[in-house]
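S.K.: Residue numbers (numbering that gives the first Met the number 0), protein chains in the order written: chain Z, 0 to 361; chain A, 0 to 67.
By construction, these hints were calculated from the structure, which means they are not laboratory data. Fair warning: this is a prediction, and the values are worked out from it, not measured in the lab. Where is the CB? At the ideal position from N, CA and C, for every residue including glycine. Treat the hints with caution; some may be incorrect.
Claimed, not checked - Computed footprint of chain Z on chain A; a stretch qualifies when at least three of its residues, placed anywhere within it, have a C-beta under 8 Å from a C-beta of chain Z:
1) 2 to 12
2) 25 to 31
3) 36 to 50
4) 58 to 67
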Amino acid sequence: MKEMISSKQIISLILLFVFGTSVVIGVGFDAHQDSWMSLLIATIFSVPLLLMYARLLMLYPGKGLFDIIEMLFGKKAGKVLIAIMIWYYLFLGGLVLQNFFQFISVTTLPKTPKVLIMALMMLVVIYLGRSNISVLGKWGIVISITIVIVVVLTFIFSIGNIDINHLLPIFEHSPKTILKGAVKMYVFPYAELITILPLASFFKKGTNSYKIFMYGLLLSSIMLITIQMRNLLTIGFPLMEYSFFSSYTAARIIEVGDFFSRIEGVITINLLFAVITKTAICLIAATKGMSKLFNIKNYKDIIVPVGLIILMLSIIVYQSIFEMEEFKDKYVVIYSIPFQFIIPFIIWITAEIKKKSIKVTN
Amino acid sequence: MKIVIVLILYFFIVVFDFIPLVKKRMKKEKWFYLSTLIITFIVIMLDSMSIYVPSPALLIKFIIDSVL
Numbered sequence: 000m001k002e003m004i005s006s007k008q009i010i011s012l013i014l015l016f017v018f019g020t021s022v023v024i025g026v027g028f029d030a031h032q033d034s035w036m037s038l039l040i041a042t043i044f045s046v047p048l049l050l051m052y053a054r055l056l057m058l059y060p061g062k063g064l065f066d067i068i069e070m071l072f073g074k075k076a077g078k079v080l081i082a083i084m085i086w087y088y089l090f091l092g093g094l095v096l097q098n099f100f101q102f103i104s105v106t107t108l109p110k111t112p113k114v115l116i117m118a119l120m121m122l123v124v125i126y127l128g129r130s131n132i133s134v135l136g137k138w139g140i141v142i143s144i145t146i147v148i149v150v151v152l153t154f155i156f157s158i159g160n161i162d163i164n165h166l167l168p169i170f171e172h173s174p175k176t177i178l179k180g181a182v183k184m185y186v187f188p189y190a191e192l193i194t195i196l197p198l199a200s201f202f203k204k205g206t207n208s209y210k211i212f213m214y215g216l217l218l219s220s221i222m223l224i225t226i227q228m229r230n231l232l233t234i235g236f237p238l239m240e241y242s243f244f245s246s247y248t249a250a251r252i253i254e255v256g257d258f259f260s261r262i263e264g265v266i267t268i269n270l271l272f273a274v275i276t277k278t279a280i281c282l283i284a285a286t287k288g289m290s291k292l293f294n295i296k297n298y299k300d301i302i303v304p305v306g307l308i309i310l311m312l313s314i315i316v317y318q319s320i321f322e323m324e325e326f327k328d329k330y331v332v333i334y335s336i337p338f339q340f341i342i343p344f345i346i347w348i349t350a351e352i353k354k355k356s357i358k359v360t361n
Numbered sequence: 000m001k002i003v004i005v006l007i008l009y010f011f012i013v014v015f016d017f018i019p020l021v022k023k024r025m026k027k028e029k030w031f032y033l034s035t036l037i038i039t040f041i042v043i044m045l046d047s048m049s050i051y052v053p054s055p056a057l058l059i060k061f062i063i064d065s066v067l
């Protein structure tokens, strides 16, 4: 029986993917108290990009990104493109895992060896990736509901700490600064949704990719804006800028009465779930690519070695949290452009031309 | 401690995943698995022994810095 995943499950996975590490490590904070505008702009910018991704999937229903690449570019050129995209997914998986380790080592487990935390995480991810894809889908539904409840509750509990002055003065920053933040948020996490494309071969027949991406974008943007506003309104921009993990800091100061406090552990659990999901999606995407590249029939046979590559990359990618911050601030945008925009754009244009030429010949 | 963790991890992977795959006589899968297993083991082991392994992020930074 072919493995399938429903539209609702894909939307929940998109939500978790976007939520992933971006919420806790925070991105695009260049415009300080105006950063919510950056987030709104990034969401609007993401619409055409995600429509392009969706269009690509609609042109070849039932096919994943790697099947489409091979159909369009043939075996040789196709394999080069597939290898490039595999690198992106592997490295992204490594970055996500490394971000999680940095968070855990700073907040909870400072003396636990890196390799132990990451290996345990990777084993869970491999288990999830090796299970039937519907398991990942069901996991996505359960975890996204849990995360939404936690975000809503932490927002409600934070109401007592809200200071509206943290949002003032509005438009203090130049449009250029706001746009700079928007571009960072656009690249990380929205454009990273290119990772969902290889999973398209698991979509149920008749799945509307436009709807999936648009609903996914809408829900995840609402979540991100809620979190951004909670953090901004409670801890304000100076603390947000200096704290590596703003959501965690915002949750630390929550106190309801004299009996309900120290709920930042919930944020850790949220991140744990989202990281497992995001890494599992990266792992499945990379493994599907590897199986295409090496003509391996069942991608699940090589999911463990591909998981080990991600584990290896996550261990060696950064030596400290400062390296992570430097890479995130200075290099991630430029590094991501070819994988998130240029290659998908080339694939999409080629797909449109081929489809039109087929129509003309018919 | 780190070295022991890595050894245990790879021991379990070999026993419970790699050997059953070898028994299935899948050539391509076997060679891919074996080469990945060796490379990742060496790199993770070096890192566990606190021997510096250059990060691919350094290469990315170098390329971006030299292009821009």
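S.K.: Taking 8 Å as the C-beta cutoff, is the stated coverage of the region 58 to 67 of chain A by chain Z satisfied by three or more residues?
M.R.: Holds: 4 residues of the region 58 to 67 of chain A have a Cβ under 8 Å from chain Z.
S.K.: With a Cβ-Cβ cutoff of 8 Å, does the region 2 to 12 of chain A contain at least three residues near chain Z?
M.R.: holds (count 4)
S.K.: Taking a Cβ-Cβ distance under 8 Å as contact, does the region 25 to 31 of chain A have three or more residues in contact with chain Z?
M.R.: Coverage by chain Z holds here, the residue count being 4 at a Cβ distance below 8 Å.
S.K.: Checking C-beta pairs, does the region 36 to 50 of chain A have three or more residues closer than 8 Å to chain Z?
M.R.: holds (count 7)
Violated hints: none; the structure is consistent with every hint.
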